[in-house]
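Q: In case you want the letters, here they are:
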Amino acid sequence: MAEFAFARQARLETLRRQIAGAASFSVRPEETAPLGISEVDACLNGGLVRGALHEIAAADHRSTPAALGFLLALAGAKSRSEKRLLSYPPPLAGEVARRAAASRKGERINPPSASLHFVCLAPPPQAGEDNLRARSRFQANILWPFTKTAPAFGLPYAPGLRFFGFDPARIVFVRCINARECLWAMEEGLRLGGIAAVIGARVKAMDLTASRRLQLAAEQANTPVFLLRNYNDFASSAAVTRWRITHAPSARDKFGFYKNARFRVALEYARGGKTGEWIMDWDHDALCLRLSSALGDRAAGENRAA
Amino acid sequence: MPFALVMMTTGGWHLAAVSPHAAALGLNAGELMADARARVPSLQTRPAQPEKDRAALTKLARWCTRFSPYVAPWPEADERAGSSGLTLDITACDHLFGGEASMLHAVIANLSRLGFTARGAIAGSIGAAHALAKHSGQAETIVPDDKLADAISPLPVSALRIPDKTAVTLKHLGLKTIAHLLPLPRAPLAQRFGKLLNDRLDQALGRAGESFTPLLPHAPYRARAVLAEPISAQEHILKLTNKLAADLAPALERDGKGARALHLTLFRVDGETAELSIRLARPSRDANHIVKLFALKLDALAEDFDAGFGFEAAQLDVTEADRMQPQQAAIAADPQRDLDEKLSLLIDHLGSRLGLENVLRAHPHNTHIPERAFVMKPAAQPSAWDEGDAPMRPLLMLPCAEPAEVTAMVPEGPPRRFRWRGVQYEVASAEGPERIRPEWWRERESRVRDYYTVEDEDGRRFWLYRDGAYGEGARWFVHGVYA
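Line order of the protein sequences matches chains A and B.
Using the numbering used here, you'd call the opening residue of the first sequence number 202 and step up by one each time.
Using the numbering used here, you'd call the opening residue of the second sequence number 820 and step up by one each time.
Hint data in this document are derived by calculation from the structure and do not stem from the laboratory.
Backbone N, C-alpha and C define an ideal beta-carbon position, used for all residues, glycine too.
One or more of the hints may lead you astray.
Claimed, not checked - Computed footprint of chain A on chain B; a stretch qualifies when at least three of its residues, placed anywhere within it, have a C-beta under 8 Å from a C-beta of chain A:
hint, region
1, 1159-1171
2, 1174-1181
3, 1196-1204
4, 1216-1230
5, 1270-1278
To be verified - Residues from chain A that keep clear of chain B, each with C-beta distances beyond 12 Å, as calculated:
hint, residue
6, Arg-212
7, Leu-216
8, Ile-220
9, Gly-247
10, Ala-436
11, Ala-439
12, Gly-477
Hey, can you work out the whole structure from these sequences and the hints?
A: Listed below in structure tokens is the structure:
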């Protein structure tokens, strides 16, 4: 009996090795980019995997902007990527007219279904790129494909993107007709290169197969893909990390002005890592994420500013 | 077996076209089918499909671009009795085939190889060539310029591309051939038959100019290659394209131009053509860049791309060219440049499928009105945002400011609570106002806006503004959402 168990164990080991070999196309060892927060990096097994799919979801519909903010914070943190490329959906002319008419009449407009479709692609930092130019604040080439669905909370606002370390001039927005084209644009971006990361929305059309394809493309290109996921989308995916984000009352400087965006972050899944919950600040001067001591701890923010 | 194509017209089924056998039995196009059947009981008929004929003719015209770049099918109005044809402008093309005679021979021979019975004529005017090809009855006719009048004289007046009615009237008057018309005074002719007859006569004699619209648009730069052996492998096609693109480069460089749009025509052995078009975001004459785009295009076609028995000729046209500054290659390796090149290839590639107008970049717009702070332009144009300190702006902007019901502590003060999209938000703190005045030179009606950044008890931040001052019917709007 014991012998059987042993043989079974050995056979399982062999199979596991084979699966591990087949599951990964990459010849490189996985490259990770630490967030610089030891607590989080420990849960992530050292940091975010560069050539992989990362999904960020809001805890509820109204937290979608926070989720997008955190996504951009992850993608834009300076320690990792120097260039990004985004594309995003501009409003349909008819939709704008409809909203304008409704707002003139003072009507309440029902929020459209929460969907933001976009892809952000940016080139990875390369060796020798750490020159003066690369260190300047706005050095990110971004590609942002989107479908023509009007997102619930509006469109990314170019001047606002600067606070997440993105240079609007280096963002290429790709207007796609449907989710399929969006996926195509993401994959082509990964395949052809010239970009540091892909940012997009996880759409209903993206089943496990599509997400595996994207994950493999990201792996081969060694380029991260950040996807914004609907708060109510629980479909399985091939992403290596999954985050869930809500708002938290933001930090203030010593004069009482808004300083940093603050997020309540839950790491729901990390491949080979652990889950965890934190409250984080996005420091838009230093372009990095920081752990804030406690929710609503205004004093902590003041101390840092001082 | 006698055979005819029939067509339903007013008065029943008529013969549209007849086979040589049927013609020998005395049948003519235009007869009633019932009459024809009565005379030749063994007549076989099929319905004519004029639109398919037209499509086939267009296809044939494309095939004929191997002889001259300027080819057009005859206008539909000139097509009568099932015969149709093509006009080729062979100016400066004939010497490539060893002179006019051998070129005409080559054209006819190639057409007969494809299974067409063709008659051809070379003349100094479109009118004369058309008339001779259609009515001379000879397979090959070449007329020197000084013999034009003599050559067309014996042809019937209907050869002049005039309406049937005019031709019939002329015949009734005893004016049966062009020779009868030539000595007549022109003014009474015009009075009786309209200007068209005189114009056609002049055009046939080469006294009046005539132009035609070629099937393929004029391409300012064109390279072509005819191959000894047909090719079909993708890598060979790309190699050939690379050679053609490289051939185009010196001419483009001489004119200080770069290609913005290119069209590749591949001629199949069996007379079909395969066509590929690419557009470039920025003018380029770099053969490698161009070939990469064609390669991506071919990859996308994959199964749909039918090489048949191979391609025997290829032609690369620059359909759109734009001014381009000479570029000096960097001698030192520059990773930034490499990335930029990759990015421009990506932009071209995405643009070739989605349309270059759908690959966009935000350009700053010099205004302080928030919704006009940037404009989206095609990504090929580089934009620059200055790095100076900008005022705090939200991450997301609503396509249109949405009205909100706001309660404020003091009339001119920040909101205390507000209701937006049916949800009540208690404001924990507010920052502002940031006053933004309308651009009076642009719009007179709009009012001063006071923007506030407010945060609710859960930490959601909004960008609200009050449109107008209190006392003049101020209204509140939510304009943006912070992360």
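Q: Now look at each hint and say whether the structure bears it out.
A: Taking the hints in turn, this is what the structure says about them:
1. Counting residues of the region 1159-1171 of chain B whose CB lies closer than 8 Å to any CB of chain A gives 10, so the stated coverage by that chain holds, three being the minimum.
2. Judged by the Cβ-Cβ criterion of 8 Å, the region 1174-1181 of chain B is covered by chain A as claimed, because 5 of its residues qualify and three suffice.
3. Restraint check on the region 1196-1204 of chain B versus chain A: 5 residues with Cβ-Cβ distances below 8 Å, three needed, restraint holds.
4. Figure legend: the region 1216-1230 of chain B, annotated as covered by chain A; annotation consistent (7 residues with Cβ-Cβ distances under 8 Å, at least 3 required).
5. A stretch counts as covered by a chain when three or more of its residues have a beta carbon under 8 Å from one of that chain; for the region 1270-1278 of chain B and chain A the count is 5, and the coverage holds.
6. No beta-carbon of chain B is positioned within 12 Å of the beta-carbon of Arg-212 of chain A; the least distance is around 41 Å.
7. Interface exclusion of Leu-216 of chain A from chain B stands, the closest Cβ pair being 35 Å apart, more than 12 Å.
8. Its beta-carbon lying about 31 Å from the closest one in chain B, Ile-220 of chain A satisfies the requirement of being farther than 12 Å from that chain.
9. With 12 Å as the threshold on Cβ separation, the claim that Gly-247 of chain A sits away from chain B holds: the shortest Cβ distance comes to roughly 26 Å.
10. Non-interface call for Ala-436 of chain A relative to chain B: holds, since the shortest CB-CB distance, roughly 25 Å, exceeds 12 Å.
11. No Cβ of chain B approaches the Cβ of Ala-439 of chain A within 12 Å, the least distance being about 24 Å, so the stated non-interface status holds.
12. Listed as a non-interface residue, Gly-477 of chain A keeps its Cβ farther than 12 Å from every Cβ of chain B; the least gap is roughly 20 Å.
In summary, this structure violates none of the numbered hints.
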